[in-house]
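Participant: Here are the chains, one letter per residue:
There are 2 protein chains.
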Amino acid sequence: MDVEIVAIGNELLLGETVDSNSAHIGRRLADIGARLRRITVVGDDPPRLAAALREVRGRSRWVITMGGLGPTRDDLTREVVAEVLGRPLRVDPDQLAIVEEKFRRFGYAEMPAYNRSQAEVPEGARVIPNPHGTAPALVLDEDGFTLFVLPGVPAEMKALFEEAVLPELARAAGDGALVVRSRVVHTVGIGESALAERVDDLVAAAAPVEVAFLPHTGQVDLRLTVAGVPAAEADRLLERVARAMTERAGPWAWGVDGTTLAGALGTELQRRGWSLAVAESCTAGGLAAEITSEPGSSAWFVGGVVAYADRIKVSLLGVPAETVACYGAVSEETCRAMARGARERLEADVGCAVTGIAGPGGGTPEKPVGLVWLGVETPDGARTRKLAAPGSREAVRRRSALWALGMLLRAARGEPEP
Amino acid sequence: MDVEIVAIGNELLLGETVDSNSAHIGRRLADIGARLRRITVVGDDPPRLAAALREVRGRSRWVITMGGLGPTRDDLTREVVAEVLGRPLRVDPDQLAIVEEKFRRFGYAEMPAYNRSQAEVPEGARVIPNPHGTAPALVLDEDGFTLFVLPGVPAEMKALFEEAVLPELARAAGDGALVVRSRVVHTVGIGESALAERVDDLVAAAAPVEVAFLPHTGQVDLRLTVAGVPAAEADRLLERVARAMTERAGPWAWGVDGTTLAGALGTELQRRGWSLAVAESCTAGGLAAEITSEPGSSAWFVGGVVAYADRIKVSLLGVPAETVACYGAVSEETCRAMARGARERLEADVGCAVTGIAGPGGGTPEKPVGLVWLGVETPDGARTRKLAAPGSREAVRRRSALWALGMLLRAARGEPEP
Numbered sequence: 001m002d003v004e005i006v007a008i009g010n011e012l013l014l015g016e017t018v019d020s021n022s023a024h025i026g027r028r029l030a031d032i033g034a035r036l037r038r039i040t041v042v043g044d045d046p047p048r049l050a051a052a053l054r055e056v057r058g059r060s061r062w063v064i065t066m067g068g069l070g071p072t073r074d075d076l077t078r079e080v081v082a083e084v085l086g087r088p089l090r091v092d093p094d095q096l097a098i099v100e101e102k103f104r105r106f107g108y109a110e111m112p113a114y115n116r117s118q119a120e121v122p123e124g125a126r127v128i129p130n131p132h133g134t135a136p137a138l139v140l141d142e143d144g145f146t147l148f149v150l151p152g153v154p155a156e157m158k159a160l161f162e163e164a165v166l167p168e169l170a171r172a173a174g175d176g177a178l179v180v181r182s183r184v185v186h187t188v189g190i191g192e193s194a195l196a197e198r199v200d201d202l203v204a205a206a207a208p209v210e211v212a213f214l215p216h217t218g219q220v221d222l223r224l225t226v227a228g229v230p231a232a233e234a235d236r237l238l239e240r241v242a243r244a245m246t247e248r249a250g251p252w253a254w255g256v257d258g259t260t261l262a263g264a265l266g267t268e269l270q271r272r273g274w275s276l277a278v279a280e281s282c283t284a285g286g287l288a289a290e291i292t293s294e295p296g297s298s299a300w301f302v303g304g305v306v307a308y309a310d311r312i313k314v315s316l317l318g319v320p321a322e323t324v325a326c327y328g329a330v331s332e333e334t335c336r337a338m339a340r341g342a343r344e345r346l347e348a349d350v351g352c353a354v355t356g357i358a359g360p361g362g363g364t365p366e367k368p369v370g371l372v373w374l375g376v377e378t379p380d381g382a383r384t385r386k387l388a389a390p391g392s393r394e395a396v397r398r399r400s401a402l403w404a405l406g407m408l409l410r411a412a413r414g415e416p417e418p
Numbered sequence: 419m420d421v422e423i424v425a426i427g428n429e430l431l432l433g434e435t436v437d438s439n440s441a442h443i444g445r446r447l448a449d450i451g452a453r454l455r456r457i458t459v460v461g462d463d464p465p466r467l468a469a470a471l472r473e474v475r476g477r478s479r480w481v482i483t484m485g486g487l488g489p490t491r492d493d494l495t496r497e498v499v500a501e502v503l504g505r506p507l508r509v510d511p512d513q514l515a516i517v518e519e520k521f522r523r524f525g526y527a528e529m530p531a532y533n534r535s536q537a538e539v540p541e542g543a544r545v546i547p548n549p550h551g552t553a554p555a556l557v558l559d560e561d562g563f564t565l566f567v568l569p570g571v572p573a574e575m576k577a578l579f580e581e582a583v584l585p586e587l588a589r590a591a592g593d594g595a596l597v598v599r600s601r602v603v604h605t606v607g608i609g610e611s612a613l614a615e616r617v618d619d620l621v622a623a624a625a626p627v628e629v630a631f632l633p634h635t636g637q638v639d640l641r642l643t644v645a646g647v648p649a650a651e652a653d654r655l656l657e658r659v660a661r662a663m664t665e666r667a668g669p670w671a672w673g674v675d676g677t678t679l680a681g682a683l684g685t686e687l688q689r690r691g692w693s694l695a696v697a698e699s700c701t702a703g704g705l706a707a708e709i710t711s712e713p714g715s716s717a718w719f720v721g722g723v724v725a726y727a728d729r730i731k732v733s734l735l736g737v738p739a740e741t742v743a744c745y746g747a748v749s750e751e752t753c754r755a756m757a758r759g760a761r762e763r764l765e766a767d768v769g770c771a772v773t774g775i776a777g778p779g780g781g782t783p784e785k786p787v788g789l790v791w792l793g794v795e796t797p798d799g800a801r802t803r804k805l806a807a808p809g810s811r812e813a814v815r816r817r818s819a820l821w822a823l824g825m826l827l828r829a830a831r832g833e834p835e836p
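Taken in order, these protein sequences are the chains called A and B. First residue of the first sequence? That's 1 in this note's numbering, and the numbers climb one at a time after it. First residue of the second sequence? That's 419 in this note's numbering, and the numbers climb one at a time after it.
Just chain A, with the same shape it has in the complex (with noise of 0.2 Å):
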């Protein structure tokens, strides 16, 4: 069941935008077990989007078209795909009372005359209003080909896609129809290739399904897919591969698919019963706004400190003048006492402390950029890590909070720290 694309736009082609809709579209349709064979991208200009369109008809079962359809001069897409099709174009009493009543809803006396062109429709096309927008959807259908044309906005495209093509789609590849699905296990704290080595046979012994490995700045997913089997033995194949590979990364598996590391944290936080305060230097409040970032997550985040300037480790974290003085800011020592500071000074269970050289200048032979040390301390004790992390200044700041993160993960699972 092949499908193509024609999407539509100036700014696509000056690379004002880049086209994620596309690639949103070849996810869902691979979920249904359709497959994107071709995409088109053309710009607002009638001549080149009419070939482009002629060329798809005379090749696809199915196509949808993005793009074109607002209500300026530039929107074009209605006119073309009403000549290629050869269907006139008329106004469609009801989307125009649609337009209308938006227009009325904004104050307006009376609609823009131009917006009167966001009614008119090609001659027998199925109409599909837009909940996002004055744009609706439409539908062409011919003998052995249909034409699905969406507006550009993502969150239009998306929710019109959803309602108005991808049922459709899904009812013509029918049940049976061999599809493919991904799922992803979450790691943090392991390199790539730690990983690789530690999953090695699982990843051999996981076919049919296909394990791939995903760095991102302080975290690799593996990416499980599998491709042409039914839904429903997709899904069964994919959970054991995920259960299996969520119990080899160990400690460093945090979770599946959309969870978040901050919310599995607060999670393992919750049912300890324990609450968790921050000491930052380097990631300097990336930490503590990593961590809220989850929705509830004052019920067990208290506060930090971000201690930018040694005298702010002494001042308000207490960490003792001469430790900073003996071993430097960025030491396991003051880590330690930043950590043991922000679980005292803030008065919480946890203390979890970030101190680092994000660079790109303050290195030295003996603390290069990239040294960082994190440290936790919770009820149970006490525990430190070294890290050497490569990349930019962000890099260096984003993969300490995660790992300072997966730190606190593991002590509040009661895990060692391997």
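In case anyone wonders, no lab produced these hints; they're calculated from the structure. Note that beta-carbon positions come from the ideal geometry of N, C-alpha and C, so glycine has one too. Take the hints with a grain of salt, since some may be wrong.
According to the in silico footprint, chain B covers these stretches of chain A (three or more CB under 8 Å from chain B) [as the list claims (entries may be wrong)]:
hint, region
1, 3-16
2, 33-41
3, 266-274
4, 372-386
Fit chain B to the supplied structure of chain A, relying on the hints for placement.
Facilitator: Okay, now just chain B, sitting in the frame of chain A:
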């Protein structure tokens, strides 16, 4: 001067990768006055790729392909190009030496046989070595048709595009080529429609420069674009409009093109010889993290307190417990006391505070989600600002942090808060 792209890879059609390469090329072509006319995306599928190559060869003078040059069985671009252009593959001795050398450096005694394919090139192709990988770029010349064959990995594609493609296209376009160029004027602290009203007459007078409003969370950028004029003329026109817009946007404007808001703030604070400390509740480290994303910010940024729990506002920032009790944690009075506390407790010249309700829970009829107070205290005095931030938890937090930076910038410039 029209150019086409053929992007190759199953990952693009399955939606695993978004094609950002094409947008990059579109922008760079506009810079030299060439124009991207069509993008075709196909999978790792020889018949479909061959069909696409035959089409573009019959249609366009200049074509760029990306992807499918790796060493694995999927990577078939070389073979298909050779077949479509009728140029048998030959081992290129220089390229073979490069590939073998790379494998020696990686510590392999011998190169895997299938990597030999990376040294095969269609007869008569120009071969441009890849500084970041093993697959070279290939240029194939026919009478009235030039095909540039690039790898798909973005870093490799970009480097080879700059080296092998752009100079040749720029030469062909010539000096008098009519370019498309843009500049961006950044603002913060003002909404899109208020800004539009403020600069309305300048937008009308800017022609042939076109002005677009690009709203991001917490910021509105003005993108100035001029098309269809020679490069020097474009730069002159853009400079004039950028100046006029900056002046008119007044207290809300903070920079042009690639500068950062934190960098602009740092410059002003250093001019005043002022250091900065922050007190954050709802942004919870996001403001400090944004500030310290700027390298060298340790010269003027001291640190901060993330006072997520109310008791931290009292214990670490010295906010009177009665103030929190009487007015609430989200109030002008508490915000003012937090800014003072940051300044005094962290011994900085300037204190800045953010306290608000980021949601999704926690709102009341009197204090709804999105209500945020911002406060700044400097040696010149104190100021506060109330913000009704729309959108998600992340949007409220992001807008609050950026508007606080804007307030700090105005205070450091000695401008009144409008």
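Participant: Now, for every hint given, state plainly whether the structure supports it.
Facilitator: Structure-based check of each hint:
For the region 3-16 of chain A, the assignment as covered by chain B holds, since 5 residues bring a beta-carbon within under 8 Å of that chain's beta-carbons and 3 suffice. Coverage of the region 33-41 of chain A by chain B holds. Counting CB-CB distances below 8 Å, 7 residues qualify, and the rule asks for three or more. Coverage of the region 266-274 of chain A by chain B is violated in this model, with 0 residues showing a Cβ closer than 8 Å to a Cβ of that chain against a need of three. Under the rule that three or more residues need a Cβ within less than 8 Å of chain B, the assignment of the region 372-386 of chain A is violated, with 0 such residues.
The structure shown violates the earlier hints numbered 3, 4.
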